[in-house]
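Colleague: Chains as they are written, first to last, in numbering that gives the first Met the number 0: chain V, 0 to 253; chain H, 0 to 253.
Derived by calculation from the structure, the hints in this document are not laboratory data. Wrong hints could be hidden among the right ones.
Because identical chains share one entry, a pair is satisfied inside a single copy or across any pair of copies.
[What the hints assert, rightly or not] Here are the simulated DSSO-like cross-link-like pairs (lysine-lysine), alpha carbons at most 30 Å apart as the crow flies: (1) 127 / 170; (2) 7 / 30; (3) 7 / 133; (4) 133 / 52; (5) 170 / 30; (6) 169 / 98; (7) 52 / 6.
Read off the chains here:
There are 2 protein chains.
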Amino acid sequence: MLSKNQKKLIASMAQKKQRDSHGLFLAEGPKIINELLDAGFTPHLLAGTSEWKAPGRQNYETLVLSPAELSSASLLKTPQQVLALFRQPTHTLNNDAIKEDLTLVLDGIQDPGNLGTIIRMADWFGIKKLICSKDTVDAFNPKVVQATMGALARVQLFYTDLDSFLPACKKDHHLPVYGAFLEGDNIYTSSLKTPALLVMGNEGRGIRPTTSQHLTQRLTIPSFPPQSSGSESLNVGVATAIICAEFRRQQGFS
Amino acid sequence: MLSKNQKKLIASMAQKKQRDSHGLFLAEGPKIINELLDAGFTPHLLAGTSEWKAPGRQNYETLVLSPAELSSASLLKTPQQVLALFRQPTHTLNNDAIKEDLTLVLDGIQDPGNLGTIIRMADWFGIKKLICSKDTVDAFNPKVVQATMGALARVQLFYTDLDSFLPACKKDHHLPVYGAFLEGDNIYTSSLKTPALLVMGNEGRGIRPTTSQHLTQRLTIPSFPPQSSGSESLNVGVATAIICAEFRRQQGFS
Numbered sequence: 000m001l002s003k004n005q006k007k008l009i010a011s012m013a014q015k016k017q018r019d020s021h022g023l024f025l026a027e028g029p030k031i032i033n034e035l036l037d038a039g040f041t042p043h044l045l046a047g048t049s050e051w052k053a054p055g056r057q058n059y060e061t062l063v064l065s066p067a068e069l070s071s072a073s074l075l076k077t078p079q080q081v082l083a084l085f086r087q088p089t090h091t092l093n094n095d096a097i098k099e100d101l102t103l104v105l106d107g108i109q110d111p112g113n114l115g116t117i118i119r120m121a122d123w124f125g126i127k128k129l130i131c132s133k134d135t136v137d138a139f140n141p142k143v144v145q146a147t148m149g150a151l152a153r154v155q156l157f158y159t160d161l162d163s164f165l166p167a168c169k170k171d172h173h174l175p176v177y178g179a180f181l182e183g184d185n186i187y188t189s190s191l192k193t194p195a196l197l198v199m200g201n202e203g204r205g206i207r208p209t210t211s212q213h214l215t216q217r218l219t220i221p222s223f224p225p226q227s228s229g230s231e232s233l234n235v236g237v238a239t240a241i242i243c244a245e246f247r248r249q250q251g252f253s
Numbered sequence: 000m001l002s003k004n005q006k007k008l009i010a011s012m013a014q015k016k017q018r019d020s021h022g023l024f025l026a027e028g029p030k031i032i033n034e035l036l037d038a039g040f041t042p043h044l045l046a047g048t049s050e051w052k053a054p055g056r057q058n059y060e061t062l063v064l065s066p067a068e069l070s071s072a073s074l075l076k077t078p079q080q081v082l083a084l085f086r087q088p089t090h091t092l093n094n095d096a097i098k099e100d101l102t103l104v105l106d107g108i109q110d111p112g113n114l115g116t117i118i119r120m121a122d123w124f125g126i127k128k129l130i131c132s133k134d135t136v137d138a139f140n141p142k143v144v145q146a147t148m149g150a151l152a153r154v155q156l157f158y159t160d161l162d163s164f165l166p167a168c169k170k171d172h173h174l175p176v177y178g179a180f181l182e183g184d185n186i187y188t189s190s191l192k193t194p195a196l197l198v199m200g201n202e203g204r205g206i207r208p209t210t211s212q213h214l215t216q217r218l219t220i221p222s223f224p225p226q227s228s229g230s231e232s233l234n235v236g237v238a239t240a241i242i243c244a245e246f247r248r249q250q251g252f253s
């Protein structure tokens with residue numbers, strides 16, 4: 000059974016201010032929680048129905064809830080057996096790690112579903128670090144956590160000032176800094192180098208002018224047939240995935 | 000001003016049964032509504048605030064609403080100047096049209112956001128027809144309509160029984176029928192032919208066994224580095240986009 004304070008704490012996880020002041024975040028469902036536990040995340044609170052069987056989870060104290068109690072505590076429309084509060088990890092951004100592989104840079108992504116999709120896709124393509132502008136949606140927003148499907152256990156996110164970060168990266172490591180635009184060089188006819196940084200912009204306004212001045216090349220996904228007048232844009236999660244896939248194709252399969 | 004009946008009709012558009020019985024669907028926001036009007040969709044009702052300026056829309060009678068009236072009628076959290084009811088188009092599926100290009104086949108996609116993303120992406124890549132199993136989420140669900148960002152004006156969707164459709168297509172047109180799986184042939188080392196059909200499965204269970212028996216080749220998006228143990232899967236919208244992009248790359252840029 001959950002105490003009144005525990006219920007309040009869970010409900011407060013919808014707000015960034017509360018998440019940050021407690022240093023916690025909420026995850027729901029067996030899949031995500033198991034992946035976070037496997038990755039070494041520390042549970043502050045673990046509570047599930049008797050239905051929840053967690054093999055090898057004896058080390059963690061689990062509160063047993065009735066389905067009605069879980070429902071009332073859950074932030075999901077369809078609660079899924081178990082919920083947990085985890086401590087937010089505190090990674091230190093090591094600029095040296097950047098110089099070894101493809102790193103994604105997000106300039107103001109606002110939609111939690113889009114960020115979740117991007118984290119999940121980054122995990123698939125072995126991208127371990129995401130650098131986010133300070134106004135990018137918080138990775139510990141419950142909607143982001145759920146959309147990552149557990150990938151948050153393996154991908155690290157850093158929130159920083161891109162106007163300091165990008166020039167420092169270019170200066171120290173001489174990395175190419177690519178950016179995605181509606182007009183730019185065709186990703187299929189460009190030679191995409193790694194290590195590199197790839198900047199993706201906000202859903203509505205794209206990459207900020209102050210950010211774009213740090214880029215070394217503008218890239219675009221060609222529509223089909225070429226020069227067709229169809230959709231004006233792709234969803235940013237989809238665009239990020241197509242470009243990352245092309246980086247990996249050129250690295251591994253061409 | 001909206002009558003009580005008009006308000007009721009708008010609210011009823013959240014339900015498939017009501018959309019079908021009236022033959023209507025709801026769209027909200029200037030961008031989507033302009034694209035649908037441009038594509039020749041017939042508005043049954045058009046209502047916006049005085050803020051809504053629609054160049055060349057004199058032909059359509061527009062009800063002027065106060066922002067409060069628009070808010071109360073809108074199904075969006077953040078209403079956008081204008082909403083409209085349109086007649087659902089009735090296309091006839093011409094099997095001959097299938098034999099000319101890449102056609103997407105959706106086997107039980109459930110999430111409205113995913114279907115919207117797929118329609119928008121199809122439009123970008125010049126895919127004009129989507130064939131959906133009967134249990135795929137309805138394209139005129141307001142959440143799908145909004146997520147297409149207007150691409151619904153150019154992409155046609157057909158709901159049909161895949162167990163009749165796929166064998167007929169194979170028999171009549173000898174088309175390759177590709178399907179996306181977690182295990183299959185690498186899309187980057189396979190020669191992807193067009194015209195073809197590409198089948199994408201449901202978010203949780205993938206392609207149904209009854210559907211997969213009609214396939215000619217199983218495809219997979221390789222994770223990176225190859226054989227890495229990362230994310231177990233990609234979001235279906237993202238996976239569809241990566242595979243369609245690769246079809247178009249092989250057609251146009253290789």
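Colleague: Each hint should be assessed against the structure and marked as holding or not.
Modeller: Status of the hints after comparison with the structure:
1. 127 / 170: Classified as within: same-chain Cα gap 22 Å, cross-chain 46 Å, threshold 30 Å.
2. 7 / 30: This pair counts as within: shortest intra-copy Cα distance 24 Å, inter-copy 41 Å.
3. 7 / 133: within (27 Å within a copy, 43 Å between copies)
4. 133 / 52: Neither, since 39 Å and 35 Å both go past 30 Å.
5. 170 / 30: neither (41 Å within a copy, 42 Å between copies)
6. 169 / 98: Cα proximity of residue 169 and residue 98: one copy only (10 Å, versus 49 Å across).
7. 52 / 6: Within one copy only: 22 Å inside a chain, 48 Å across chains, cut-off 30 Å.
Hint compliance for this structure: hints 4, 5 are broken, all remaining hints hold.
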